[in-house]
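Residue numbers (the numbering used here), protein chains in the order written: chain D, 5 to 199; chain V, 3 to 237.
It should be emphasised that the hints constitute simulated quantities derived from the structure, not laboratory data.
As the structure is a prediction and not an experimental result, all values here were calculated from the model.
Wrong hints could be hidden among the right ones.
[Unchecked claim] Simulated pairs of lysine to aspartate or glutamate, DMTMM-like, Cα-Cα distance not exceeding 20 Å: (1) V:K106 with D:E102; (2) D:K192 with D:E175; (3) V:K106 with D:D39; (4) D:K192 with V:E27.
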Amino acid sequence: MSDDLHETASQTAGPYVHIGCMPNACGITGVFAEDLGAQMLQAETPGQRIAIEGVIFDGDGAPLTDAVVEIWQADEQGRYTTRSAAFSGWGRAAADAETGRWRFETIKPGAVPCPDGTVMVPHITVWIIARGINIGLHTRMYFPEDYDMQAHDPVLARVQPTGRLHTLIAEPGPDATYNFNIYLQGPKETVFFDV
Amino acid sequence: MPRDWTRQPAARAPAYRSSSMRSPEHARISMPATPTENIGPVFTRDSLGPLDHDLIVNHARPGQTAMGARLIVHGRLLDQTGRGVPGALIEVWQANASGRYRHKRDGYLAPLDPDFGGCGRVITDQNGAYMFRTIMPAPYPWPNGGNDWRPAHIHFSVFGQCFAQRLVTQMYFEGDPLIARCPIVNAVPDQDAIARLIAQPDMEATVPMDARAYRFDIVLRGRRASYFENRPEGI
Ligand SMILES: [Fe+2]
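The following block holds chain D by itself, in its conformation from the complex (with noise of 0.2 Å):
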């Protein structure tokens, strides 16, 4: 193990971050064919359409409106399939630059099983990036109506005492939209994972 080399430290995505990861979303047209991961769904896409959004709210309850969210999620049978063509189950999105408001078209994933014979409840995992973010948040996004299930999943399990467990948990929309509010500070800050 001592001879293991060290991970590069972090360092901030900065104001600028949609030049290299959305550059067609903030003007820089003629350069890359499409921005990665802007459309996550195919027509043949399979599992029950569902759409997340949400704001990140700094400390001082403003909007992040320069931050870059990712997303990275199973597909309704809980699976990774990375190398699908019809779901890849990862997707990237921009902070709208007036609201702060984020919004990916996806499906809702299955259950996801584990080596270790545990069965981990649907999830996505949220990803954030920003100015003022030294290093990238990692949280996930769990679903209303599955309630039953999550008091078995080893993830949320880890969060003790149980009182942000909410945090992780998001809200019911109209036409099948979970609204997934992000707090980086206060008394609504929302559950980050060291993974």
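Assemble chain V with the ligand onto chain D, guided by the hints.
Only chain V with the ligand this time, still in chain D's reference frame:
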């Protein structure tokens, strides 16, 4: 492999003012790496264009090239065991040769270059090696302490082979006196970790009468070898 937080920036770095309201106050909750973190998105070369790695020409008008000192930036993407990470997506972005970003929120007086967009991307080869062509970015002023200047840098976004390896960082250039003065650099609490963010000139890779070269190796976390080597497709 658990992350070594002694070599990573604290969420809150007081001299970097933007971090004060954007840093969680609770400790991160540790969790076991599950299939969710042990697998990650896969990108293939056919999702990239032939000039994506060449910032000198990928936003230039026909027959033109970006203004500035021509550079080759290259290196290897490794995991902590020293193995090359093949097939990984690396995205880069940077200011132009006068320190200006092509972004509507960048109000620096220095001019845009019509022939420079500032974005590039590449997928590592079977040994984890990568290379892109660009121009030397200039330092630029930024609103922080009243008179702060970023050292010349290139932003990197790196995907490994699993989502737990996801990394965003910045590469600096050897000899830049602004590095030691930068609050963003100094958010990293370990001097050796900072030193490894500084690319070194690489005369061997220089193209005579064309481009200087800098080498920047990147190390991603992990991995738990047994898990990966036996991973069934789409577990
Ligand atoms: Fe920058």
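Here is what the structure says about each hint:
Only pairs whose Cα atoms come within 20 Å are accepted, and K106 of chain V paired with E102 of chain D is accepted, the gap being roughly 13 Å. For the suggested pair K192 of chain D and E175 of chain D, the alpha carbons sit about 14 Å apart, so the restraint of at most 20 Å is met. In summary, the hint linking K106 of chain V to D39 of chain D is supported, as the alpha carbons are separated by about 18 Å, within the 20 Å threshold. Distance hint between K192 of chain D and E27 of chain V is fulfilled; the C-alpha atoms sit about 11 Å from each other, no more than 20 Å.
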